[in-house]
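Participant: In case you want the letters, here they are:
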Amino acid sequence: MSAAIAALEHATGGLWPYLVVILFGFLPSEIWRWLSVFLVKGLDEDSQILVWVRAVATALLAGVVAKMLLSPSGALAVVPALWRWGALLGGCLAFFLFRRSIMAGVIVGEALLIGAAFYATA
Amino acid sequence: MIDDSTPPDSPAAASPWPFFWSGVRAATGLPAFMLMCALVGVGGLCRDIGYPMGAGVLSTLAIWAGPGQMVLFGSIAGGMALPAVAVAVSLSSIRFIPMCMAILPIMRRPNTPTWLMLVLSHYVAVTAWVEGMRRLPGMPLEARIPYFLGFANTVMLAAAVATGAGYYLIKQFPPALAAGLLFTSPIYFTVALVAGARQALDWLALLSGFVTMPVAAFFAPAGFDLLFVGVGGGTFAYCAQRLLNARRSA
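These protein sequence lines map, in sequence, to chains A and B. Going by the numbering used here, the residue at position 100 of the first sequence is 100; the numbering climbs one at a time, nothing skipped. Throughout, the numbering used here is defined as the position within the second sequence, counted from one, plus 1000.
Just so you know, the hints here were simulated from the structure itself, not pulled from any lab data. The C-beta atom is built at its ideal place from N, Cα and C for all residues, glycine as well. Treat the hints with caution; some may be incorrect.
To be verified - If you want the ones that stay clear, here's a sample from chain B, every Cβ over 12 angstroms from chain A, calculated:
#, residue
1, W1021
2, S1022
3, A1065
4, Y1123
5, A1143
6, A1158
7, L1181
8, F1183
9, P1221
10, T1235
What the hints assert, rightly or not - To give an idea of the chain B side of the interface with chain A (calculated C-beta under 10 angstroms), a few residues:
#, residue
11, C1046
12, I1049
13, L1058
14, A1062
15, L1072
16, F1073
17, I1076
18, G1079
19, A1102
20, P1105
21, L1169
22, Q1172
23, G1180
24, M1213
25, F1228
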């Protein structure tokens, strides 16, 4: 298989990076979106399966966020864990304090984190 | 172009463009800005492996999943074989199944063709999902698809521009600001999820996702931790909510 890939890379020349993005990035991730179009056929908007699916999707997203904060990449890793979680919590509190403003939540959270990052890198 | 020629007394034939533009307006601002921050880094990753700027922009338009793009360029940079890269990208994108399955029925009308559903599914990613789940259910049925397309195309365009700009700019950022850029996705997703939580079920799912992730990171095999969190945490939230409802109605 790697020989075939090498031959393809040679044959496509400068277009190879674009082909990599399509073949090894776009297709393996897009199949799940297409699959779900067929999975929801015939399912009612209010069916119990979809209520469960919504809970799964919400928990998954919370998990994605938790993963980014538990094992941060690159520059975010310089900020100590307690500060990362503190900034997240501070942003959520600000959301409620400023009459449910998402903008306020994001700005306060970011300000806390960038402040902590300046302190950590200074 | 906004078509005003349709008589106002035939709502079924009304032009979808006003809904499209209100989606564009809703996206301009925080959602577009936050996606730009999130995708700037992908441009830098693309440059690190010696790919042209266009490949980074294409990855944003085609893959349309920040984590998947980071896995793609990150594991190529790490020297992983391409078939293994494809598996890793695919695992990171399995989350689109529950996300698409939750949001597509909200937009679907009895006469919506399959090709349009496939097009709509391509735009499903975290930002359009959290905003869509929060805003679409309160809208008239005929407004939902054009609104979603207006919203999603706007954030996608902004993200594509940011990927291209990040390709050249990311190295210039001071480290504290770079940390802030990486923090935009977590803080925005969390606050938007909190804003969109309407029932006990949403809160239960949100909290169980946060709580089960450290456990899954420790016990689940690499690449399967999010699957564990989603199915495990989501099922727990669903069962807990059913128990709550049963007790309330008893």
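Participant: Compare the structure with the hints numbered earlier in the document and write down the numbers of the violated ones, lowest to highest.
Facilitator: The structure conflicts with hints 3, 4, 7, 8, 10, 18, 21, 22, although it agrees with all the remaining ones.
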